[in-house]
Amino acid sequence: MASDAHGETLALREQFDSEEQQKDASTLGMWIFLITEIMFFGGMFLAYSVYRNFYPHVFAVASSSMNAIIGATNTGVLLCSSFTMVMAVRAAQLGQRKIIILFLVLTLILGIAFLGLKAYEWNVKFEEHHVPGPAFHLDGVDTQGPAQIFFSMYFAMTGLHALHMVVGVGILTWLIIATYKGRFTAGYMTPVDIAGLYWHFVDIIWIFLFPLLYLIDRHLG
Amino acid sequence: MATERVDSVKTYAAVWIVLLILTALTTAVAYVDLGAFSVVAALVIAVVKMLLVALFFMHLRHSTHLTRLVVTGGLVWLMILLLLSFADFMTRGWVGVPGR
Amino acid sequence: MKSWLLTKDHKRIAVLYLATVTLFFFLGGAFATLIRVELLTPQGGLVSSETYNKLFTMHGVTMVFFFLIPSIPATLGNFFLPLMIGARDLAFPRINLLSWYLLVIGGLLALFAMLAGGVDTGWTFYTPYSTTYSNSWVIATALGIFVAGFSSILTGLNFIVTVHRMRAPGMTWFRMPLFVWSMYATSLIQVLGTPVLAVTLVLVFCERVFHIGIFDPALGGDPVLFQHLFWFYSHPAVYIMVLPGMGVISEVISVFSRKSVFGYAFVAFSSVAIAVLGFLVWGHHLFVSTQSVYAGMVFSFLSYFVAIPSAIKVFNWTATLYKGSISFATPMLYAFGFIGLFTIGGLTGLFVASLGIDVHVTDTYFVIAHFHYIMVGGTIMAYMAGMHYWWPKMTGRMYPEGWAKLSALVIFLGFNLTFFPQFILGYLGMPRRYHVYPDEFQVLHVLSTAGASVLAVGYLMPMIYFIWSLRYGALAPANPWGATGLEWKTASPPPVHNFDEAPVVTHEAYDYSTVMGEVIEVG
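Protein chains in written order, with numbering that gives the first Met the number 0: chain G, 0 to 220; chain P, 0 to 99; chain Z, 0 to 522.
Derived from the structure by calculation, the hints contain no laboratory data.
Remember, predicted model here, so these are calculated numbers, not experimental data.
By construction, the Cβ of each residue, glycine as well, lies at the ideal position given by its N, Cα and C atoms.
Treat the hints with caution; some may be incorrect.
In silico DSBU-like cross-links for lysine-lysine, where the CA-CA straight-line distance does not exceed 30 Å [claimed, not checked]:
| # | chain 1 | residue 1 | chain 2 | residue 2 |
| --- | --- | --- | --- | --- |
| 1 | Z | Lys7 | G | Lys180 |
| 2 | Z | Lys322 | Z | Lys488 |
| 3 | G | Lys97 | P | Lys9 |
Taking CB as the label site, the calculated pair distances span [as the list claims (entries may be wrong)]:
| # | chain 1 | residue 1 | chain 2 | residue 2 | range |
| --- | --- | --- | --- | --- | --- |
| 4 | Z | Met296 | G | Ile111 | 37 to 45 Å |
| 5 | G | Thr172 | Z | Thr50 | 30 to 38 Å |
| 6 | P | Leu68 | Z | Asp362 | 21 to 29 Å |
| 7 | P | Val43 | Z | Gly355 | 36 to 44 Å |
| 8 | P | Gly92 | Z | Pro437 | 49 to 57 Å |
| 9 | P | Gly92 | Z | Gly355 | 36 to 44 Å |
| 10 | G | Ile111 | Z | Leu354 | 35 to 43 Å |
| 11 | Z | Met296 | G | Leu11 | 54 to 62 Å |
| 12 | Z | Leu354 | P | Pro97 | 14 to 22 Å |
| 13 | P | Ala23 | Z | Phe209 | 29 to 37 Å |
| 14 | Z | Val46 | P | Val46 | 51 to 59 Å |
All chains should be modelled from the sequences, with the hints used to inform the complete structure.
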């Protein structure tokens, strides 16, 4: 959101006195936006923790029904995308336009790969009747209710994470086009920089979602 | 602008490799019975990964005090949300009044 | 028209906000009127129970989310925060415009829900009623509040960055006017609290639309978890409403007693303290839920701490008046009203923060009276004080002083007549959200309704004379009150870029020796 607010022109905006002030303001704005994102996901982490605390065994069984290999692969994909993103930011700092585009495209491909694997996973959940609703059924637990809550949290958390990824993919696409058109130079790379912050943040959320949803107490289930 | 620090590719690559190793590690550890510590292990690894991403990829180690304050503040507020809520959920039933 | 709808000028956006929130204020007021008329008789013949449930819900939703939360920050804050710190605009003017559009879109969604059939869950949307049982327009309303929430977040974000990065040369933190401090503290709450409300509404939305279970007790979910999440935002939200008001009062008291605010640093830090402490007390809304008794004790204990910074403010305002050269201009009358009413609201807040008493008065009119003393007696009085104080600067016109003083008096009397009987009603056991009640409560209800009609007249008066003054009011000089702030150093209304030459600040916020000459010049 903050990133496309600065894309229109390269010139110093009239409310600022210097480029440095403008860059500082944009960066600070992005960090504050990320704080709001922490609190946003924080509410779901709270709900997850409370129910895990209520129903540890059911959550362990439900967690074990997840495909940890896909989860780990997706974590790897996202971490690679963070690496390519930071390389793009580095290229922007050095003003290497072609390298920016190269790494942004790589990041975009990895982001889409993540979403593809995610979609495959959700599809499997539908086939296994692990989607909350009347047809829901999970083997190996006494009560279906709490198991359904686990999968409700799973879909809510991964769904909102995926939504953030989709937004990220949109931002990347826009950045690639803008870079191609030569909007960014070594002196002005703020949009690349703050888009990077956003992308890494979405990665961090997944770093926590992966162990919480796929791994905890796997040996029990 | 001029003071902007550009980290080396080597640094980024090293952080990236460590992150991938930690992912493999956290997956492997999940299959070992550590009792209550399996949660601790998973969260500690996740926090380490978060710090690596934040400090290196998000350039937090080069950033201003204000940015660090903002991040710390956000995490403190998340802790307020979690801890004060758990002050309720963890103490239910202590007095033996039904429903409390 | 187009130049207004696409404007990036913080002053014009403030005016857009002003028009929007005024509309919602009168809409919420209309719901309140229907509620009070209904309560004239014990048997409630005017509307059905279902309609009554919708009326108080829509009154709450409109007033809280579409009037009180954006009221002072988005109008007066938007207009004056950049001016007061000597900036040309906010840090992100386009995000500022976006936030207005978000409020409008959110408001339209909520309006659509109201016109389509209304919503009956109470403004609190407690589960499982809101997720499973209610047959009203919960989704559209929740969506509207969700969108309006982002408007609030973006305003807060914009203000924080602006205060950090856009101050004029010489405008150090401790030279900032106290209104700026209070806006900063408010912004912190908006940024840290609102996302939690947003995610809570997303979960309610998912549960209602996709029938997944998150708070559903039938599946083993915990509705009290919803209450924790909801009040984590909605208690601090009370401070989003009242902190900006406190900032206005600090300005007004200082100007009209021509003295520097007593204990400037204490008043400044007490704003931040209220913002922080406000996040530690939400469990006091859950005393009669299944929240554990121990958590109840902790939250009750913590709630008392909010009284400390609040009392610091009230005492320091009073000390500012001491030996001041007081003039009883309209903003000052409203400010006096604020201090008295806020003190009553705050003290009764201690009653309801106390675990034992709250069990007795929970969900009664005592609570209704308490929070109306804060939100209406506090916030709206301060909003009116600020509107009168800054009206000449915003429009370049003076309002008619006599009518304005009369309105302050009418609102003060009408307010007390409306809400004081409700303290007694509540203490006697009249529950909130009921429209049929025992005969012995009728006298107090009639008094309250009578007060409400006085109050309505009081609110209509400024509406009329403000509009009148736009055309017929005397032209306002740059500094009609002899005030010290930077916003008075530029023309009324200010030029597009606020200042003809960039201001350099050399004095503290309330140094009246700097404007002594100026007053005579313009007076």
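Results for each hint:
1. Z:Lys7 <-> G:Lys180: holds (26 Å)
2. Z:Lys322 <-> Z:Lys488: holds (27 Å)
3. G:Lys97 <-> P:Lys9: Since the Cα atoms of G:Lys97 and P:Lys9 sit roughly 20 Å apart, the hinted pair holds (cutoff 30 Å).
4. Z:Met296 <-> G:Ile111: 37 to 45 Å: 52 Å Cβ-Cβ, so the 37 to 45 Å window is violated.
5. G:Thr172 <-> Z:Thr50: 30 to 38 Å: violated (50 Å)
6. P:Leu68 <-> Z:Asp362: 21 to 29 Å: violated (40 Å)
7. P:Val43 <-> Z:Gly355: 36 to 44 Å: holds (43 Å)
8. P:Gly92 <-> Z:Pro437: 49 to 57 Å: Check failed, 37 Å falls outside 49 to 57 Å.
9. P:Gly92 <-> Z:Gly355: 36 to 44 Å: For Z:Gly355 against P:Gly92, whose Cβ atoms are near 21 Å apart, the range 36 to 44 Å is violated.
10. G:Ile111 <-> Z:Leu354: 35 to 43 Å: 54 Å Cβ-Cβ, so the 35 to 43 Å window is violated.
11. Z:Met296 <-> G:Leu11: 54 to 62 Å: 56 Å Cβ-Cβ, so the 54 to 62 Å window holds.
12. Z:Leu354 <-> P:Pro97: 14 to 22 Å: holds (19 Å)
13. P:Ala23 <-> Z:Phe209: 29 to 37 Å: holds (35 Å)
14. Z:Val46 <-> P:Val46: 51 to 59 Å: holds (55 Å)
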